[in-house]
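Enquirer: In case you want the letters, here they are:
There are 2 protein chains.
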Amino acid sequence: MSVGFAPRLIGLDWGTSSLRAYLLGERAQVLEERARPWGVQHTPGGDFAAAFAELVGDWRQAWPGLPALASGMIGSRQGWREVPYVACPAGQDSLAEGLLRFDTGRGDLHLVPGVMQGGALPNVLRGEETQVIGAMALEPALAEQSMLVLPGTHSKWASVREGHLCSFATYMTGELYAILRDHSILGRPARELGSRTSDAAFAAGLVATRDAGAPGFSARLFSARSLVLSGALAADESLDYLSGLLIGEELRSVLAGHPELAQMPLVLLGDAALCARYEIAFDLFGLDTVRRLEHATVAGLWRIAEAAGLLAALSDYGAPRDV
Amino acid sequence: MSVGFAPRLIGLDWGTSSLRAYLLGERAQVLEERARPWGVQHTPGGDFAAAFAELVGDWRQAWPGLPALASGMIGSRQGWREVPYVACPAGQDSLAEGLLRFDTGRGDLHLVPGVMQGGALPNVLRGEETQVIGAMALEPALAEQSMLVLPGTHSKWASVREGHLCSFATYMTGELYAILRDHSILGRPARELGSRTSDAAFAAGLVATRDAGAPGFSARLFSARSLVLSGALAADESLDYLSGLLIGEELRSVLAGHPELAQMPLVLLGDAALCARYEIAFDLFGLDTVRRLEHATVAGLWRIAEAAGLLAALSDYGAPRDV
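Chains as they are written, first to last, in the numbering used here: chain A, 163 to 485; chain B, 163 to 485.
It is possible that part of the hints are untrue.
Unchecked claim - Stretch by stretch, here's where chain B covers chain A in the computed footprint (C-beta under 8 Å, at least three residues):
{"hint": "1", "segment": "324–338"}
{"hint": "2", "segment": "359–365"}
{"hint": "3", "segment": "402–413"}
{"hint": "4", "segment": "432–439"}
{"hint": "5", "segment": "459–469"}
Keep in mind the hints are simulated off the structure, nothing from the lab. Using N, Cα and C, we set each Cβ at its ideal position, and we do this for glycine too.
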């Protein structure tokens with residue numbers, strides 16, 4: 163590998179299901195990117211040190227002392243080291259102060275802390291704080307006031323004010339979808355008969371939730387079964403209907419609590435295919451102001467490393483060599 | 163076996179997870195009762211005829227021609243024979259007219275139809291229609307206007323008016339609890355560390371839902387994790403908190419749609435332990451008028467058999483013999 167620009171930072175996005183490593187040059191330019199399905203739950207042998215050495219050991223060897231910073235579940239109790247949460251509101255400075263540094267055997271690694279929001283029903287996130295910081299780095303206008311939506315296994319809705327993550331909510335949309343598909347009666351038709359994509363069924367699930375009257379969420383869920391039994395929904399399209407019910411419930415809940423959402427910047431961060439589904443949902447719920455922002459994790463890792471003083475002068479790391 | 167009274171009907175309560183058989187005498191008196199864990203999903207070898215012969219074959223032999231009537235999922239597509247749903251509102255007469263009769267090889271068996279409620283989001287039930295008819299048979303005052311609550315895997319809330327099941331809703335409370343406990347991150351602490359009963363944690367889940375502001379159901383669910391992470395909830399008590407969230411959501415939803423509930427007879431039918439949990443929940447939600455009613459299935463089978471003309475004179479079945 164010949165690197166045209168001097169590397170400044172090794173950034174790691176190490177979540178529950180995947181591990182992504184970035185070799186970053188000046189101004190967070192991605193010089194090289196590597197990915198493995200070695201999320202915290204799926205790291206071979208649970209050996210984080212071996213996975214780290216395998217994925218970025220050659221970078222470490224080529225540029226001894228190059229700082230490395232990781233965000234995500236790798237800093238959880240189930241991860242490599244547990245990093246205490248920082249309090250909400252959280253900004254780049256409190257996250258930088260909360261970094262945990264330890265010796266991996268292949269040089270030091272810094273871990274970004276998650277954020278805990280107190281209250282009667284507390285809330286936590288890990289990994290998304292870095293995306294939030296990154297979004298503000300990419301678009302400084304978001305820092306004043308905005309809502310950032312991070313769909314996923316546990317979707318996060320992050321309210322930003324004056325450069326800080328000031329509050330957030332967690333919707334278990336992705337996990338509910340997966341366990342209902344794999345283990346409930348609602349997934350049985352698709353498990354037995356197979357499944358095919360249906361934009362119409364997805365929209366029907368969204369609309370059923372948007373237009374719902376009194377009966378609650380778990381009652382609407384059952385319509386994914388009763389509509390199949392009544393013949394109104396094809397069995398092999400029922401998973402997309404279920405997905406519409408679940409994503410719709412997430413939007414319905416948030417809109418009920420945030421009527422001001424249409425008046426502020428609204429941004430989707432994360433997996434492109436999933437964000438595309440949420441764009442359809444936002445549109446059906448009448449919120450056509452939402453847009454997508456990419457590369458927030460890399461920008462966030464860079465910004466937090468900067469705030470922590472990890473990005474020293476190039477000469478500290480020696481000249482780049484072929485590896 | 164020596165039977166002191168002449169049997170009039172074999173009644174079967176054949177659901178998803180269990181099979182119960184009753185030998186009924188005059189005025190629905192239970193002469194003998196037998197139970198097996200042979201629900202429709204668990205019948206050995208899927209052989210309903212063999213299970214039927216094994217459980218009630220001796221009754222059939224002793225009293226040839228004694229009518230047999232079954233309710234529950236045995237009449238579903240996954241059951242022995244599929245009985246078409248009757249329309250809602252449904253009463254004892256329409257259910258009696260909708261009976262499906264077929265030859266089991268050990269004499270005829272009649273199956274009670276389920277009920278389908280039409281509309282944009284249709285709804286279905288099978289088995290509960292018999293409990294509803296039975297509740298009215300046991301307490302005629304319920305027939306004018308009442309709400310019958312049947313907790314379970316799929317909890318049903320049945321509105322009764324003028325002797326008919328006039329509408330109903332389905333809450334997937336029991337199934338959601340089971341799959342979240344067994345497969346989601348919310349069940350992980352209890353799966354890893356074990357679980358113990360906690361009335362306080364159950365109540366906390368109920369209260370969290372009762373007093374909830376804007377954030378929706380799937381956001382509240384996540385508190386079963388964040389409270390453990392913040393140390394406010396013991397890991398081994400988290401399942402009872404989850405149960406409280408789920409049963410609480412069911413009550414919250416129904417109360418939002420039925421503010422008149424406090425002004426009408428409100429009755430719980432079904433499993434005693436589960437009904438006891440719902441009584442605690444009703445109490446915390448300020449509905450202290452709820453009470454429990456037992457033996458509704460037997461009363462319902464009897465009443466439907468009567469309406470269908472199955473309960474002919476004793477002499478039709480021959481004299482009782484020792485078996």
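Enquirer: Of the hints given before, which are not true for this structure?
Expert: Of the numbered hints given earlier, those the structure breaks are 2, 4 and 5, listed in rising order.
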